[in-house]
Every structure is written in structure tokens, then in C-alpha cells.
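Colleague: For the sequence shown, the working numbering gives the first residue as 41, with consecutive numbering after it.
Wrong hints could be hidden among the right ones.
To be verified - Ranges of calculated distance between the beta carbons of each label pair, as one might list FRET restraints: (1) K225 - D95: 33 to 39 Å; (2) R57 - D217: 40 to 46 Å; (3) M58 - P149: 30 to 36 Å; (4) M235 - F69: 28 to 34 Å; (5) P88 - L184: 17 to 23 Å; (6) R86 - A200: 28 to 34 Å.
Keep in mind that the hints were calculated from the coordinates and are not lab data. Each residue gets a CB set at the ideal place from its N, CA and C atoms; glycine is no exception.
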Amino acid sequence: MKTSAVRDGMFKEDSWRMFRIMAEFVEGFETLSNVGPCVTIFGSARTPVNHPHYDLTVETARIAAKEGFGVITGGGPGIMEAGNKGASEGGGQSIGLNIQLPFEQMPNPYIKTIINFHHFFVRKVMFLKYTSAVILMPGGYGTLDEMFEVLTLAQTQKIAPMPLILMCKDYWQGLLDWLQETMMKKEGYILDVDMALMQMTDDPQEAIDLVKQHTGSKEIAPNFI
41 MKTSAVRDGM
51 FKEDSWRMFR
61 IMAEFVEGFE
71 TLSNVGPCVT
81 IFGSARTPVN
91 HPHYDLTVET
101 ARIAAKEGFG
111 VITGGGPGIM
121 EAGNKGASEG
131 GGQSIGLNIQ
141 LPFEQMPNPY
151 IKTIINFHHF
161 FVRKVMFLKY
171 TSAVILMPGG
181 YGTLDEMFEV
191 LTLAQTQKIA
201 PMPLILMCKD
211 YWQGLLDWLQ
221 ETMMKKEGYI
231 LDVDMALMQM
241 TDDPQEAIDL
251 VKQHTGSKEI
261 APNFI
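Required output: the full structure, derived from the provided sequences and hints.
Modeller: Below, the structure is given as C-alpha cells:
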């Protein structure tokens, strides 16, 4: 009897969790479907305001906004704050997809449109569903998780092809060398076309030019994800 009661309780709890997950998807779809073409910027929450990576992100986001792209970030401090700050200074859409964490990530003050998420996987969908490109600034585990998620979805054609731009060559070059020399050439786990999914630059204008070359005059549709 106790086992049956426990199972019933778990089922009811999971049922309500399903509705909460659906509600997060609905809010995300409704909010982001009308914002226009966007660029998603990933990077470390630990980047200080006086760091060159912060300044580089601000400038990149500012140029993106002036070129007509909204900027989507994770809504927190560090690189995320820099992205939203640049978007605001450029007069563009400044969007933050904030995650609720045990240690409480506080939204940065430069966000114009904010959505709060409890579930990481719903938030990940929203990062890519309505974006035209992904720009990766230096970051830690979370940034690498986002990087390889984008690569996996692009490789398996679960999302439409889009630029994945790595900024700060000194930071990323070692990883790219390992991917090419060990993962591709030595082990054969990826191919040339998989390496070609990434582009790298230190120039904010070049990064946004790569995005513009991809979008061109075509209509931007939501990704397949």
C-alpha cells in the first residue's frame, strides 16, 4: 500500500512538473517569436567588468544591435551582462534568458526583455530557436556545454546551419588544435565538415559581418529544434 501511495504521489508530482515545463516553453515561444533576427552570445559569468573580454563583448553586441540584430544572453553577470549592455547601447533588442539557481543568478541591469527559467533544457532550446548565429566568448564548463550542444545539433541537422563564431583566438586555439589533431586526424571521430562548423576571429566587426553574410536577404525562420 505504501509503495502504491508513493508511486501515485510521484506520478502527480511529475504530471504537475510536465505542465510547468510546458508553461516555460509557451512563455519562451510567445516572447521570442516576435523579436526579429537575433544573435546569441555565450561566455563566462565570472568575467569582471574591467576585463578585455568584457569590453570585446560590449563592442560586438553594440555592432550587432546597430546592424539590426537583437542580442540574446543568459541574463546574468560577466559576458552576459556585457552582451546586454552592448545591445542596449546600440539601440537594439537586449534579451536575457535567466536561470533560477540555488545560489540565485541575479539578472543584469541592461536587459530589456527577460524570461526566467527553472529548467536548463528549456532555456537551451530558447537560446537557439530564434537566433541567426552564436558567438562564443571565453568561458568555463557552461560555455563549453553550450558550444558542443550547438555543434552536435548542427552536425546532426537538428538546427538550421548558422555561424558559430569563436572570439579570442588565444583562448580557443588550443581546443581547436586538439579537436583537429586528436579527434579528427588521429581518431577519425569527426570530419573536416565538422571542423568547418566553427569560425574564429578577434574582430567584432568581422564577427557580425560573418553573421550578415549568412543571413543575407533571406527570411529568418525559427530553427528546427
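Colleague: A separate judgement is required for each hint: does it hold in the structure or not?
Modeller: Cross-check of the supplied hints:
Against the hinted window of 33 to 39 Å, the Cβ-Cβ separation of K225 and D95 comes to about 36 Å, which satisfies the hint. Taken as a hint, the range 40 to 46 Å holds for the pair R57 and D217, whose Cβ atoms sit roughly 43 Å apart. As the Cβ distance of M58 to P149 is approximately 34 Å, the hint placing it in 30 to 36 Å holds. Remark: the range hint 28 to 34 Å for M235 to F69 is upheld by a beta-carbon distance near 33 Å.
About 20 Å separates the C-beta atoms of P88 and L184, a value consistent with the hinted range of 17 to 23 Å. In this structure the hint that R86 and A200 lie 28 to 34 Å apart at CB holds, the actual value being about 32 Å.
In summary, the structure agrees with every hint in the numbered list given earlier.
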